[in-house]
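Position chain B against the provided structure of chain A, taking the given hints into account.
Each chain, letter by letter, is given below.
2 protein chains.
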Amino acid sequence: MTADPLVIFTPSGKRGRFPVGTPVLTAARQLGVDLDSVCGGRGICSKCQVTPGYGSFPKHGVTVAPDALSGWNAVEERYDQKRGLKEGRRLGCQATVQRDVVIDVPPESQVHKQVVRKAATAHEMVMDPATRLYYIEVAEPDMHEPSGDLQRLERALREQWQVEGVEAPLPVLSKLQPALRKGDWKVTVALYKDHRDARARLIDVWPGFFEGRLYGLAVDVGSTTVAAHLTDLRNGQVLASAGVMNPQIRFGEDLMSRVSYSMMNPGGDAEMTAAVRAALNGLGTELAAEAEIEPRAIVETVFVCNPVMHHLLLGLDPVELGQAPFALATSESLSLAAAELDLTAVNPAARAYILPCIAGHVGADAAAVALSEQPGRSEELVLIVDVGTNAEIILGDTSRVLACSSPTGPAFEGAQISSGQRAAPGAIEKVEIDPKTMEPRFRVIGCDAWSDDPDFATLAGVSGVTGICGSGIIEAVAEMRAAGIVDPSGLIGSAEQTGTPRCIAEGRTHAYVLHDATAKGGPLITVTQGDIRAIQLAKSALYAGARLLMDERGVDRVDRIVLAGAFGAHISPKHAMILGMIPDAPLDKVRSAGNAAGTGARIALCNVAARAEIEETVRKITKVETAIEPRFQEHFVAANALPHASDAFPELSKVVTLPDVAFNTGGDREGGRRRRRRG
Amino acid sequence: MTADPLVIFTPSGKRGRFPVGTPVLTAARQLGVDLDSVCGGRGICSKCQVTPGYGSFPKHGVTVAPDALSGWNAVEERYDQKRGLKEGRRLGCQATVQRDVVIDVPPESQVHKQVVRKAATAHEMVMDPATRLYYIEVAEPDMHEPSGDLQRLERALREQWQVEGVEAPLPVLSKLQPALRKGDWKVTVALYKDHRDARARLIDVWPGFFEGRLYGLAVDVGSTTVAAHLTDLRNGQVLASAGVMNPQIRFGEDLMSRVSYSMMNPGGDAEMTAAVRAALNGLGTELAAEAEIEPRAIVETVFVCNPVMHHLLLGLDPVELGQAPFALATSESLSLAAAELDLTAVNPAARAYILPCIAGHVGADAAAVALSEQPGRSEELVLIVDVGTNAEIILGDTSRVLACSSPTGPAFEGAQISSGQRAAPGAIEKVEIDPKTMEPRFRVIGCDAWSDDPDFATLAGVSGVTGICGSGIIEAVAEMRAAGIVDPSGLIGSAEQTGTPRCIAEGRTHAYVLHDATAKGGPLITVTQGDIRAIQLAKSALYAGARLLMDERGVDRVDRIVLAGAFGAHISPKHAMILGMIPDAPLDKVRSAGNAAGTGARIALCNVAARAEIEETVRKITKVETAIEPRFQEHFVAANALPHASDAFPELSKVVTLPDVAFNTGGDREGGRRRRRRG
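Here the protein sequences come in this chain order: A and B.
The letter at position 169 of the first sequence is residue 170 when you use our numbering, and the numbering goes up by one with no holes.
The letter at position 168 of the second sequence is residue 169 when you use our numbering, and the numbering goes up by one with no holes.
Chain A on its own, in the form it takes in the complex (with noise of 0.2 Å):
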């Protein structure tokens, strides 16, 4: 008597002997080979192709013969001819082992595909979705054994799925008679199940097998845009993206103003609660119809908000979190339907997953920036800083994470900047100053020319120059700085003391003359004494947040800093360094993670055990809050300076002299040394 044929899977390297005639899919099964199938084996759903090997396998010690699998059949034809089977595929459920053979399960036929991020260093993302399509066949009803049809579906679900319990909305019950007659018994239903609840949801049914896809929305509710990503559940695509401007805006620029709102408004945050709801119903809608599929389809949608957000978009009063203790009503994670926030532009019956906050100042937004960034993974001591009205400062490596905000202010946003704007075409978002001449040169959003281009005017189009955006206004006094034309307490030197007549008098100080078009009627764009002044206090504050958690950790040097959020994408580390708004760390050692909430929301979305995983660190990350620390005040004086920078980079200084005197606002001796120095 021969050995039963050996079965090799590929990649996992998994191995046995089946009888002869075993579908390939039972082998897979049996040996819990990731191989993909939503008809459970029926021929239907073709999820399970495989790719058999012929010839000689060294390494495994087999030669698989031609006839190693039961020949082509005729599912596999009428599959082929309707709808292409590559070449070298079979589908597993079909083709029957024969003799020793070696098959590879491809990516796209794994249900925990693994999901090249772009941008991941820390970890890939592996899909696992807490909603799944399974096709199901259901026994009739019959009088000798009455049972609700939902029983006889549960049955099934146990029988074919091994899924134990099911509880059925009304809405989604009310679909389920006509589903299961018009299929004949026959039903696909998407099934919600995630870490906490024993019984899975049931989310939609179709008739017979339902050939659609399944999708996810990924939202960042913050303060001044929502952006949301429309995500295929199979494999983590990113089907469409688009971000709207948070229409609480008309109730207050920055989150505290949002708050007031609320405290002397009576209903106020009602009415902030249902602008934000209708605008993620908006844009919903527009995602949906962009990437042409129905509502229907988007079955999860997960949020990550700062805390504000959170409780407006939750509809609950943020009033707790505009004082001190700044209690959250809730902390922990959230599972909802998403018609509890109002969603209509999904599936009625879709799910809403809320991050957890991780304090009254630290957000879900900060808990998807680790989830994305896995600090407590992270061997190298790494800063992680998410710059925005507020600052979220996440510390941290295998050993202990810890978290605070520090409040920057809406100065790095280009608020409260006198040519201040939003990032939009037009805004002055890279600035370099030539050290020797004083004069600036920039580029503006949307136009990629400099502005000594000949045809920079032309170039830059009818937006022209309008202001400066956050990450502009950063590099403009950080060239300033580096120029001379700063000194390092912060003070604009006069024409006199810097040698520019682009430094003008401006009431008792002055201010720098970075784009003149007054002539032809345009914009003066300087940057004035209150801008170094509202630039130096928000980075005061973001630098003395990362000393703070350094102080708690006993460390006075980061391994490496990632800068994350849609600010951190377009800042320039060596001007941020020069700034003093980060510590020191080598330049190549600064990273930006671009959007790493929204990305730590996707992972949420397409991986139920990292909402698992994130609710755990966020109960382990240790919080810091500045706000009662004495030695945040500290900090944040002492980094009121603008640091002598040549000393921490070397590298810098090859390219910029920096001056080591302060001005003196009122007479012309430190301009001349400063000039003697330059000279």
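Worth flagging that the hints you see were computed from the coordinates, not collected in a lab.
Hints are not guaranteed to be accurate.
Note that identical chains are pooled: a pair holds if it fits in a single copy or bridges any two copies.
Below are the SDA-like pairs computed for lysine to any residue, each with C-alpha atoms no more than 25 Å apart in a straight line [as the list claims (entries may be wrong)]:
(1) Lys187 x Pro326
(2) Lys87 x Arg43
(3) Lys15 x Arg43
(4) Lys83 x Thr52
(5) Lys60 x Gly283
(6) Lys194 x Pro170
(7) Lys194 x Val167
(8) Lys590 x Ala570
(9) Lys624 x Glu141
(10) Lys187 x Thr459
(11) Lys60 x Arg18
(12) Lys194 x Ala340
(13) Lys621 x Arg200
(14) Lys521 x Phe252
(15) Lys194 x Leu171
(16) Lys437 x Asp81
(17) Lys621 x Thr399
(18) Lys590 x Val556
(19) Lys575 x Arg561
(20) Lys183 x Gln324
(21) Lys194 x Glu165
(22) Lys87 x Gly44
(23) Lys575 x Met439
(24) Lys194 x Glu333
(25) Lys187 x Glu333
(26) Lys183 x Gly323
(27) Lys624 x Arg156
Positioned in the frame of chain A, the structure of chain B alone reads:
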């Protein structure tokens, strides 16, 4: 060293020794004595009142000294002055043990109070509602250890009440922060915890100690009427009851015509759902107003209904219930937010529990009857009949319970009867026919006098005599049979055959004149041959259903019979047996259970364990489907005759003499025989 004082609790008899100074409530808790407390021993709620006994207790072997408990303290003094404490009562949380003592826990201080049900025989009702009040002291927020208010509330519930895990719907969560601050971190919460969910649900929150009570609505949604009982969840007391016509009547009088309406009219089921939900809101509002309570205090609802009403209440199309195999969308119980049923006249977070259905024709109302009447706990074999348009029939004892539904049609409700009407003032409900004179007398609803009372016309008032209701037609037919006006086959004799001019010709058959007011412009109320046929069909169906269950069980008699439902409350057992509606049983073993379905709903409302019990019972019940049992048809045909009651009921034969021969509609030979025997 002397032993610690001995504390003996009555009526439980639990005893133990406790150190001097132990509060009585603490001793009770440690011994597992059922002593209530909402405030957790803070001297606020007064629920833990006890009555210490003094003097000699030979039964317990102790003598209690006057100083066995600590002296009356300030908290008790204040409570007594403010609200009054009954003579001899102490607050269990204030009085401490000093010496051996016997302490009685009065019924109102027990959590699991036994409530005496007037009509109950099977078992007493024990209070154990799903929703209870808990007074808690919550830790204030701390910036050093940030956590949401909800998480600190959860911790307080765990530490102070051993409640693990709380879910808070968003609208309730939004009340939490203001309540905690208004109550200075002391709040009373209403928590719902049923037999299925591991986690409790937060239903409502009040600042400080909430003085109020919680209520529930037990609702019986019938095809014709919707009845609701507003019930105190502490003691099961019904504060107010009300009933309204089911507004679905405008879509069809009986169940099948409503199913047809749904089949013929797209959206028809949604119309009917909206109608019944609106009626429920009206009822709730009315009951709250009558009892002078806030709708917010109504935190639970329980529904019982037949399968079609069940589906329409839930928003499920009942179309499948109108055709074999009568498949329910779901047969199991449901636990929902009342808001999912659009209930607005209750607390916004109130819960709804819907009892399970037994089968496609045997609904949650029958399950409620089973819960109320407890056939599975009966030593005697009991037959329970709930008569409506469909009769639900349950047969069982401790060994096994069976159930079926039988299509009696609406004749028993006065429909399809020539002079039939609903049970309302003016409807004939009781009938007697003198077997000698063949003259009738009757009573109408709303009047205590018999029609042969000289003052009857005056007493019956404005409505006078308007028709015959369900119980009236049964008595009329039974009396006609007993008097020999109707023969065993159901034929009404002619005036010649019967010897009374009240038998008048009507087409090719005869009718019996019960009431003739035509001379005064009033109605002519007769029982026609068609009426007799309708009653025969209905009673045959009922009897055949009961017989089918008896066959299944292998018996040919039952020990006792329970007539449930409003109709069962009015029907005369004697007449029901003359007609052969129900199997033979001694008259004193036939009992009316009144609104057993409503009682079952109240039991499920007041005791969460009863929900688990009825779910288990329903799972175990043997369901018999009459439509597919050939023997049902045999029994139905065999039961068509009107039996010779004198054999079965010797006691009936004393008052009535029953003819044993049939009329021949064509000739008068049989009539002659009948007259000869009666002569």
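Broken hints, by number: 5, 10, 14, 16
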